[in-house]
Every structure is written in C-alpha cells, then in structure tokens.
Amino acid sequence: MACPEFEDLVREGAGGHATRCEECRALLDALADVDAAFEAAFADVSAPPDMAAAVRARVARELPLRPSPLPEILDFIGWAAVLALAVVLLPRFLPLIDVALAGLG
Amino acid sequence: MAEEFERIVREFQDKIFRLAFSMLGDRAAAEETAQEVLFRVWKGLPRFRAESSLSTWIYSITRNACLTARARGGPRAVSLEEPAARREAERRVAAGWPTVASPDAGALLDRLPAKYRHVVALFYMQEKSYDEVARMLGLPVGTVKTYLFRARKSLAEELARERVRKGAA
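Protein sequence lines, in the order shown, are assigned to chains A and B. To convert, note that position 36 of the first sequence is 36 in the working numbering; the numbers rise steadily by one, no gaps. To convert, note that position 144 of the second sequence is 144 in the working numbering; the numbers rise steadily by one, no gaps.
Derived from the structure by calculation, the hints contain no laboratory data. Where a beta carbon is used, it is the ideal one built from N, C-alpha and C, also for glycine. Careful, some of the hints might be misleading.
Computed, partial: chain A to chain B, Cβ under 10 Å [stated by the list, open to error]:
#1 A41
#2 V45
#3 R56
Now the stretches of chain B that chain A is said to cover, found in silico as 3 or more residues with beta-carbon under 8 Å [said to hold, decoys possible]:
#4 31-37
#5 49-62
#6 141-153
Only chain A is shown next, with the shape it has when bound in the complex (with noise of 0.2 Å):
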C-alpha cells in the first residue's frame, strides 16, 4: 500500500496507516521529536525581568525633565509678528475704515 503525503499522514496521527508503516512511523516520532526539541527551546522565552526598567531609566536620562520651551518661544515670536503687522498695516487702512463708517452713517 502507498504511503501517503506527509499531510495527510500528520493528519492521520499515529492511528491511521502508521500502525501498518514502520517507515511513517518513524517519521511521525521525528516529528514528534522535533516539534517537543522546538516547544522545550523556546516555550518560556520571554523579557528579562529587568529590561522595563531599564528602558523607563533611559527615558528618564536622555529625555529632559521639563518640557523645551522652544514650542512657547515660537508661539511669541510668531504672535508678536502678527501684531508687528497689524501696527505697520492699521495707519494705512484707517481711512479707509473712516470712510466705510461715515458712509454707513
């Protein structure tokens, strides 16, 4: 009797025609084998206990403690410009604005 694929033999397990295959039998208990030599290596792997610490303690040391002020810095700048402009551009519209109220009264 032909023996069958490998995945349908896994899917048989050791029931199916491994009872009657000393060859696929062989190759289910390497199988088997493997699959435990992999779960044994690496079912437990996980983070060392200390690496969140140490990763909160470099958060702590290379990021400054205050926030930058630069954010705040540019703000004023940039309002102070726009005042800047408005006081520069006021003069020049204000007869223009006389007009349109006179006009409306």
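For this one, chain A is given, so just place chain B on it according to the hints.
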C-alpha cells in the same frame, strides 16, 4: 502618555523581545534591540496616528531595528544556550533518555534556510499562533503556515533518515 506607554511596555515587551530574539538569534542582542524599540515607541507615541494598528506599528519598528542590528553584524543562529533547552537536555540526560531521541533545537534550526528559522522559532515562542506570528513578521498567514510545514517536514524527514542510518550502522 506615560500611562499609555506603561500599558504598551506591559503588553508588548515579551513579544518585542521574542521577535527580536527570533530574528537576531542572540539573547543579549535581542534585549538591547528590544530596549531600543521601546525607547523609539516612547518617542514616537505622540506622533502615532493610528493609521495602522498599534501592534503593526510596534512590530514594524522591531523588524527594522533588528535589520539594522543585523546589518551591524552579530550572531544570527538562535542560541543553543537557551536556559529552557539546556534544562530539558539535562533532564533528558539525567533520565537516561537516548540522545538520538533528543534532537537539539539549535542544531535543528541551523539546518533550515534563514527565512524558515524566524518563523519556526517565533511559532513555538508565541504559543503556536499562526496569526500572531504572521502579524509579528508582517507575512501573510498562508506563508507562515507554508514555511512552518516545509520546515517541520524537512527536519522530520532528515531526522528519520539519520536514525535509519544510525540503526543500520
């Protein structure tokens, strides 16, 4: 943001470490890279816009960090010095198990092409979840299943052949 980062550390530190370990094959390098990844996550968190899921973003940072670490050089095969593997090997020897029945996980991995190695190692680290391994490696689930199937088949066939040869000798 500090609370959000703490949640991320709790939820992802093991997964980041495992992904790094599967890609770098060295515990110390994996730890160093995982720390770097968490630090990058902390820095990038304010700009994270949730266009992708948080896990996709974190795994992508991890894979890139591992590729960078690998480009700098260093070990690539998964270490044979894993404590669990060593404990299991010692237990088997103490119990008098025949060594032929105890293939070494590291030696088995070394026989595989690199693209299969990451999948195999991560699959067993991640409680045999195809979906999680696919997400972590950024691969389709079908590809993960195919790689895993081919790797296990090839190793089982090789091991069975070796046993027959040893039995015949």
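Quick one: see if chain A covers the region 141-153 of chain B, three-plus residues with Cβ-Cβ under 8 Å. Coverage by chain A holds for the region 141-153 of chain B (3 residues, Cβ < 8 Å).
Would the stated hint for A:R56 survive a check requiring a Cβ distance to chain B of less than 10 Å? holds, 8 Å
Go check the region 31-37 of chain B versus chain A for me, would you? Three or more residues, Cβ under 8 Å, otherwise it fails. holds (count 3)
Mind checking the CB of A:A41 against every CB in chain B and telling me if the closest is under 10 Å? Check passed: Cβ of A:A41 comes within 3 Å of chain B, closer than 10 Å.
Can the hint on A:V45 be confirmed by a CB-to-CB distance to chain B that is less than 10 Å? The hint holds - A:V45 has a Cβ within 10 Å of chain B, the shortest such distance being about 5 Å.
Within 8 Å of chain A (C-beta), three or more residues of the region 49-62 of chain B: violated (count 0)
Violated hints amount to a single one, hint 5; each of the other numbered hints is respected by the structure.
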